[in-house]
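Order-wise, the sequence lines are chains H and X.
Counting from 1128, one number per residue, gives the positions in the first sequence under this note's numbering.
Counting from 1128, one number per residue, gives the positions in the second sequence under this note's numbering.
Worth flagging that the hints you see were computed from the coordinates, not collected in a lab.
Hints are supplied without guarantee of correctness; some may be wrong.
With beta-carbon atoms standing in for the labels, derived distance ranges [claimed, not checked]:
id	chain 1	residue 1	chain 2	residue 2	range
1	X	1162	H	1158	46 to 52 Å
2	X	1328	H	1213	53 to 59 Å
3	H	1341	X	1176	49 to 55 Å
4	X	1288	H	1209	42 to 48 Å
5	H	1158	X	1136	44 to 50 Å
6	H	1372	X	1153	28 to 34 Å
To list a few chain X residues with every Cβ distance to chain H over 12 Å, as calculated [claimed, not checked]:
id	residue
7	1166
8	1201
9	1394
Ideal Cβ placement from N, Cα and C applies to all residues, glycine included.
Protein chains: 2
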Amino acid sequence: MGFLEKLNGAVKRNQSLVCVGLDPDPQRLPAHLKGGADSVQAFLRETIHATRDLVCCYKLNFAFYGALGAAGWNTLREGMQAIPDDLPTILDFKAGDIGNTAEHYARMAYDRLNVDATTVNPLMGRDAVEPFLNYTDRCAFLLCLTSNPGSADFQRLATEEDVLYKVLAKKAVVWSAIGPCGLVVGATHPNELRVIRELAPDLPFLIPGVNTQGGDAKSVVQNGMGHSSGGILVNASRSILYASGGRDFADAARRATEALRKALNQAVEPVSESRLRG
Amino acid sequence: MGFLEKLNGAVKRNQSLVCVGLDPDPQRLPAHLKGGADSVQAFLRETIHATRDLVCCYKLNFAFYGALGAAGWNTLREGMQAIPDDLPTILDFKAGDIGNTAEHYARMAYDRLNVDATTVNPLMGRDAVEPFLNYTDRCAFLLCLTSNPGSADFQRLATEEDVLYKVLAKKAVVWSAIGPCGLVVGATHPNELRVIRELAPDLPFLIPGVNTQGGDAKSVVQNGMGHSSGGILVNASRSILYASGGRDFADAARRATEALRKALNQAVEPVSESRLRG
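For reference, chain H alone in the conformation it holds in the complex (with noise of 0.2 Å):
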């Protein structure tokens, strides 16, 4: 089953369009959890038993555990293993690299972690980007408007074109002919999101920067969900997994993960809700 297929599933399944960011940071764990060898894995297992049946999705970023050193990779894997099969997963790597290479970042990624969809730095260009979107039952969420302040460095640069996050948004339309790719959209920016989505009707939008960053759920859904096709995954991570720093972190996660759940759903429109239950 593809990604889109599986995301449209889990969207409607359990009425979610709440991303959950599996970032786990040694020195955030609840007190209870740190120093034990196992706590990485076992703060992973009980946040997603706590929330897997809120979200469409769940988001691993691998800085996170490539800082756990060679612990890593197994602890990336256990964390997949937790993650019910029905539920897609990103890797959110940001990769990006000549063609060569990037076909061994997107055989890291989809031969050897299995996951469902991947985060793209668009900067070196097409024979970048390519190798991902020959996975075809997988989807590129490709950089565009990131939720940072550096977004404003570069991003936002006016080019011959356009700006240059409008270039990038144009270039990921053309190159979804190729192979499944979507867009990676701060909530940080409501108003050039609304700007994104009109240039990118159809393609997916992975959104993060809600809740820590700063971004709010209501605009969000206005802005980034529009009357297309095109979905919206939020992704929250922080203001989740350390929703608690005690024994009751799970709880508190699963908490976290309903009310904006409930935020992105009150949000959505009757016609796009009625989409969303399908």
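Put chain X on the given structure of chain H with help from the hints.
Just chain X, lined up with the frame of chain H:
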């Protein structure tokens, strides 16, 4: 010892501007090594042993280790251990993520793998780069104008400030006040290399794209080295690693490294040569 000291020591000791890219592709190993469980490690060990007195640096591209799955991390670590302590190492992973996440990538490279330098994709801006600059005894090479065909898609766009690759170069010069950084400029763009060197006279340049990708050693020295104090690291990977597919692969790698070293040294002008000799 900081990256630049270590690099300068190696340049003088080995009279070399060559960086060998250790990018093991299981499909391209010599026939007698294919299939063995430790074949990639043996390949790396023998290649390093055969070239270590002819190079100024080794670069390890993470994609090739990630694509090995669970074994990849240890293979990378064992490759690192085969490199003499007085030769600097670069983890080529083109990392780029929001500040909080970039800290974890920096930790992976500098604390876990203990490399001397990294490559960083600057598309996400300052907060994606800064965590790397904060390691003041290391060096972050920021993508500027990459060697591949896709570099034309975005890096060559004219922007309100200047062509994007020049904007990236100028920003790196500004950010080098925070901590050590350099630029990645492909050998396949000799004219632009000269322009970028004028913009960033004091930054070290990591220059991929000679040999297999078509770049020319002489023009790299003439355009990249200039008359500044900024060094160049000229990377070759496939043309060295796969110089022979037979049992003589390590000897062939040595000959290919020696040929590139000689071509670069012959192109070095007398004034720069005296600098090279210290």
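Verification of the supplied hints:
1. X/1162 to H/1158: 46 to 52 Å: holds, 48 Å
2. X/1328 to H/1213: 53 to 59 Å: Hint holds: Cβ distance 57 Å, inside 53 to 59 Å.
3. H/1341 to X/1176: 49 to 55 Å: Holds - the Cβ-Cβ distance for residue 1341 of chain H and residue 1176 of chain X, about 53 Å, lies within 49 to 55 Å.
4. X/1288 to H/1209: 42 to 48 Å: With Cβ atoms ~47 Å apart, the hint holds.
5. H/1158 to X/1136: 44 to 50 Å: Check passed, 46 Å falls within 44 to 50 Å.
6. H/1372 to X/1153: 28 to 34 Å: violated, 44 Å
7. 1166: At about 17 Å from chain H, residue 1166 of chain X clears the 12 Å cut-off, so the statement holds.
8. 1201: violated, 7 Å
9. 1394: holds, 24 Å
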